[in-house]
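K.L.:
Sequence:
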Amino acid sequence: VTGGLGIAASDPATLTVIAKPVFKISLDPVDVDFGKIVEGSLQGQVQPVTVTISNTGNRPLEIQVPQSEAFELELEASSGQLDPGDAVEISIVPKDGLDAGAYSERVVISGVNGQNTATATLELSASVVHDLAKVEAKPATCTDDGYDEYWACEACDKVFGDADGVEEIKLEDFVIPSIGHVWGEDGRCTVCGALDPDFAPDPGDDGDGDTDPSDQSGDDGDNDSNPSDQADGDGQKDSSAAGNVDGDKRSLGETGDGLMLPAMVLCALAAASIAAGAFASRRLRRQ
1 VTGGLGIAAS DPATLTVIAK PVFKISLDPV DVDFGKIVEG SLQGQVQPVT
51 VTISNTGNRP LEIQVPQSEA FELELEASSG QLDPGDAVEI SIVPKDGLDA
101 GAYSERVVIS GVNGQNTATA TLELSASVVH DLAKVEAKPA TCTDDGYDEY
151 WACEACDKVF GDADGVEEIK LEDFVIPSIG HVWGEDGRCT VCGALDPDFA
201 PDPGDDGDGD TDPSDQSGDD GDNDSNPSDQ ADGDGQKDSS AAGNVDGDKR
251 SLGETGDGLM LPAMVLCALA AASIAAGAFA SRRLRRQ
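Under this note's numbering, the first residue of the sequence shown is numbered 1, with each subsequent residue one higher.
Keep in mind the hints are simulated off the structure, nothing from the lab. Just so it is clear, CB atoms sit at the ideal spot from N, CA and C, and this is done for glycine as well. Where hints are given, some of them may not hold.
[To be verified] Quick list of in silico lysine-lysine cross-link-like pairs, DSSO-like style, CA-CA up to 30 Å: (1) 95 <-> 138; (2) 138 <-> 20; (3) 95 <-> 20; (4) 170 <-> 138; (5) 24 <-> 36; (6) 20 <-> 36; (7) 134 <-> 95; (8) 36 <-> 170; (9) 134 <-> 158.
[Said to hold, decoys possible] For each label pair, taking beta carbons as the anchor points, the in silico distance ranges come out as: (10) 174 <-> 87: 54 to 64 Å; (11) 18 <-> 99: 48 to 58 Å; (12) 72 <-> 177: 26 to 36 Å; (13) 200 <-> 154: 19 to 29 Å; (14) 28 <-> 149: 42 to 52 Å; (15) 108 <-> 174: 17 to 27 Å.
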């Protein structure tokens, strides 16, 4: 106050008020959550979030934005000084190439004026999830392995036993070994029908599982039965048996020829005796 203590009521006076310096900034918003982000998202697929920094004090401030481990923070171009009542924006986006997982950071924004500093805290968070694709179960076969259903991340190639990508597994743990062939008596697999390449059919097997009747006998292989009593598959007598019958007939014929010669001699002698008797009878009549 100027004018002295003895001034009259009508005398002019001047009052000078010196405000206390205030260094202060505010953020809007103060909490940024990007939610779930698919792992391997390309640049530009995740939209940045804008945060406004305001100088709410009464002194100009130089705004300083620190680096972040998981997020990119870019300060809007300015003169480098933020006057009281003014505001500036920063653009925030998660960094590229983040592995699946939860990210949470507390970033401190500063406004500096000489030895004085104003600060505001910004909470950032994001959850990077796997880009999962379900692989349907495949049953094992005789020759090929199978596997249970699982989920594979197309970004990091990890595999999981659940759709949320929590239970990471090794693919070999989900493999179902092939069961192998089960060969039947006919040399074919009873499961898939494949033919055993090493199968050697029984020589007495005609292909339908029946044994050839000609290979069956009641003794050790020697057959003493009359060949003429055996028939072939058409019901006809065996040719060897017929040959035996013909041979017997020829033997009988040959034996008959040997008996005919004495009979013929006897007949000739009888005829000669009759002729001699007749001649003697005629001579007696003439005498």
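K.L.:
Verify the proposed pairing of residue 138 with residue 20, using a straight-line Cα cut of 30 Å.
P.N.:
violated (76 Å)
K.L.:
Check the following: the C-beta atoms of residue 174 and residue 87 are separated by a distance inside 54 to 64 Å.
P.N.:
holds (55 Å)
K.L.:
Does residue 158 lie within 30 Å of residue 134 when you go C-alpha to C-alpha?
P.N.:
Holds: residue 134 and residue 158 sit about 12 Å apart, inside 30 Å.
K.L.:
Please verify whether residue 134 and residue 95 have alpha carbons no more than 30 Å apart.
P.N.:
It holds: about 27 Å lies between the C-alpha atoms, which stays within 30 Å.
K.L.:
Is the straight-line distance between the alpha-carbon of residue 20 and that of residue 36 30 Å or less?
P.N.:
violated (46 Å)
K.L.:
Just to be careful, I want the Cα atoms of residue 95 and residue 20 compared with a cutoff of 30 Å; is the pair within it?
P.N.:
violated (42 Å)
K.L.:
Given the hinted pair residue 95 and residue 138, is their Cα-Cα distance within 30 Å?
P.N.:
violated (38 Å)
K.L.:
Falls inside 17 to 27 Å, the C-beta gap from residue 108 to residue 174?
P.N.:
violated (47 Å)
K.L.:
Quick check on a hinted range of 48 to 58 Å for residue 18 and residue 99, using CB atoms only.
P.N.:
holds (55 Å)
K.L.:
Hint check: residue 36 vs residue 170, CA-CA at most 30 Å. Holds or violated?
P.N.:
This hinted pair holds, its Cα atoms lying about 25 Å apart.
K.L.:
Given a hint of 26 to 36 Å, does the C-beta separation of residue 72 and residue 177 actually sit inside it?
P.N.:
Given range 26 to 36 Å: violated, Cβ gap about 49 Å.
K.L.:
Take the C-beta atom of residue 200 and the C-beta atom of residue 154, compute their distance, and say whether it sits inside 19 to 29 Å.
P.N.:
Because 51 Å falls outside the window, the suggested range is violated.
The structure is inconsistent with the numbered hints 1, 2, 3, 5, 6, 12, 13, 15, although it conforms to all the rest.
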